[in-house]
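Line by line, the protein sequences give chains L and C.
Note that the numbering used here numbers the first sequence so that position 60 is 60, with each residue one more than the last.
Every number in the numbering used here is 1000 more than the matching position in the second sequence, counting from 1.
Check the hints yourself; a few may be wrong.
Unchecked claim - Interface residues of chain L toward chain C, partial, derived using beta-carbon atoms under 10 Å:
1. Ala148
2. Leu240
3. Asn298
4. Thr303
5. Val336
Keep in mind the hints are simulated off the structure, nothing from the lab.
Glycine included, every Cβ here is placed at the ideal spot set by N, Cα and C.
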Amino acid sequence: MDLSGKPYKAFIQRQEAIKKQYSKKQAEKQHSKGKLTAFERINLLFDNATFEEIDAYVTPADQPVEFGKVERSYGDGVIVGHGKVNGRLIFAYAQDFTIMGGSLGIVHAKKIAKIQEMALKMGSPIIALIDSGGARIQEGVASLSGYAGIFHNIIHSSGIIPQISVIMGPAAGGAVYAPALTDFVFMVNHTSYMFVTGPNVVKEVLNEDVTSDGLGGAEVHARKSGVAQMIYDDEENTILALKKFLSYLPSNNVENPPVVSDDGSIGDINEKLRDIVPDDPNKAYDVKDVINQIVDRNSFFETAELFGASLVTGFARLRGKTIGIVANQPKVLAGVLDIDSSTKGARFIRFCDAFNIPIITLEDVPGFLPGVDQEHSGIIRHGAKLLFAYSEATVPKITVILRKAYGGAFIVMNSKNLGGDFSFAWPSAEIAVMGPDGAVAILYRRELADSDNPVELKKELVKKYRDKIANPFIADELGYIDEVIDPAVTRKKILSALNALSNKWVKVPARKHGNMPL
Amino acid sequence: MANDKLQIKKLHALSSENRKFTFSLPLKHSIRIGKRDYEVKLKSDEKLGPYILWKNRKYPVEIVRSRQNKYEILFNDISYTFTVETPFSLQRKIVLDSKRGKVEQEFIKAPMPGKIIDVLVREGATVLRGEPVVILEAMKMQNEILSPVNGVIMKVYARANTNVMKDDLLIEIKVS
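Next comes chain L alone, as it looks inside the complex (with noise of 0.2 Å):
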């Protein structure tokens, strides 16, 4: 066809000059940092050839500017849009690195409310690949209302549509927030930082020294913070595991997560699930052997791995189903509850309640962890955060005690008082206010000071108490837990559980919201 006529002259000289604005140098000088641009990680999440562009075209405002140049240039350094990612409708925006640093000006931020917009009404996922110098200085307050605009759109949307930030690179000041209020945040290791305050600043005010990577890295994030959930190594495995991220979650809080074919290949009577939980009490084993034999294979995908690691939290699948795994680690810390693991957790919950995910908890816990440095900093604030979340939550809820399950720790991980829907205890289980040694130290503490061997009575005592007090079979005749299970055949009670649950109706009391302790 013949586009040389008038109007198409014009149509074609804006799309040649275009193409010329994302010259190759740009690319190689992002690459030669190790990161791709915007275009290469848009290409790699969406499926081939679907992602449609928004406003290619604008252009940076045209207002006062005191001091400093904006950079004429076509998209003002953001790419929005939508397309397909494993088939499903997603929206995205990512900010152009090599266009004024990916600077955030109003008509930037104006292109990332629009697409905001457009998710939520459409109900589908959002995703932000952020690779940004921060506010446009040259703009001034004009840059600032654009991102509380942007901060007001992610609250908006929290609960109604999942929201995830892709961090490839800087994220400074105030910008950091947007990430810090949408669901979850992934980073990219040495390549991304995220600081409220940059090293430069810290250096000024505070004299102290510290690197981009020290302050506000993917390491610092994902271990210490817990502001970022995923780290990866390089942009290219970040965009792919975000791709599997997004294929356990629903597109908004009125759909169902999608549900893929299960092979099968773990059965729903799995005898090996009675050998990885050790005789020994005081011996730790790796929660997610016990996962990953109740899950469809290959389908648990940890969150926050690094972070408040004594409690495990993840998607998975049972018959290409999804569900959300909470489990306490004996590996780390024993296992114990704190508040790192605590806040960890009831984060968690509560997306896992907001998106229609059912929760699984697989509990071994000794308890809240103590000493001055926990009640310090507030495990009792933290802690109240679990519980609430637990409470609070109306998808299917499901617990499965492994071992141990001691006082608080009990409460709060989902018992049935709770509000729980189903409790079942393997037999191995320890249900009591306290462990053995504890409670015979408090219960006999007179006879042990009277007796000549009080060694020899302690360990007949707490061989007593373990018998007699510390097993399920005590909370199952009282009704406290529904079943004593063989470990082997958890998958198909937590399936038929699940089953039952299908049409679960909780009506929620009519108010704004709850308070919850934050």
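With chain L fixed as given, assemble chain C onto it according to the hints.
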């Protein structure tokens, strides 16, 4: 531009000893080691699971663990760990490795307050990553403290049957 598909034509597998193996995509039954191509078939059946067919003999392979692009496989009773890299990620890895300073010492600290039950290494001993070095009892549980690196034990601060506080120094390792 938006529709220029980023095509990956080959993949590299880097072993933990930094040996490189190259595969072309889509996967063919050949693998390049050094400068020679070898014909190797990867198949699987119900009885053996995945196995490698080489010179008409079957060698079963087990994927012990995979995390991101890192794999640990068991083959002929020997475990191998390696990462799978695309040409771009390999280039990135080389750039980042050259920038990163090498960590020379590793300090193992107590992750929580507790009592040292056993010290499993002596000064001068070599340890591998993931090998238990100390057993710490806390919360009525015996926790194995693992070495995060391959190296040589420089100094052992932990003593059996003593109590430690959180972040107390237990072991100092020289990274090799």
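Do the hints match the structure? See the list:
no.: 1; hint: Ala148; verdict: violated, 30 Å
no.: 2; hint: Leu240; verdict: holds, 9 Å
no.: 3; hint: Asn298; verdict: holds, 8 Å
no.: 4; hint: Thr303; verdict: violated, 14 Å
no.: 5; hint: Val336; verdict: holds, 5 Å
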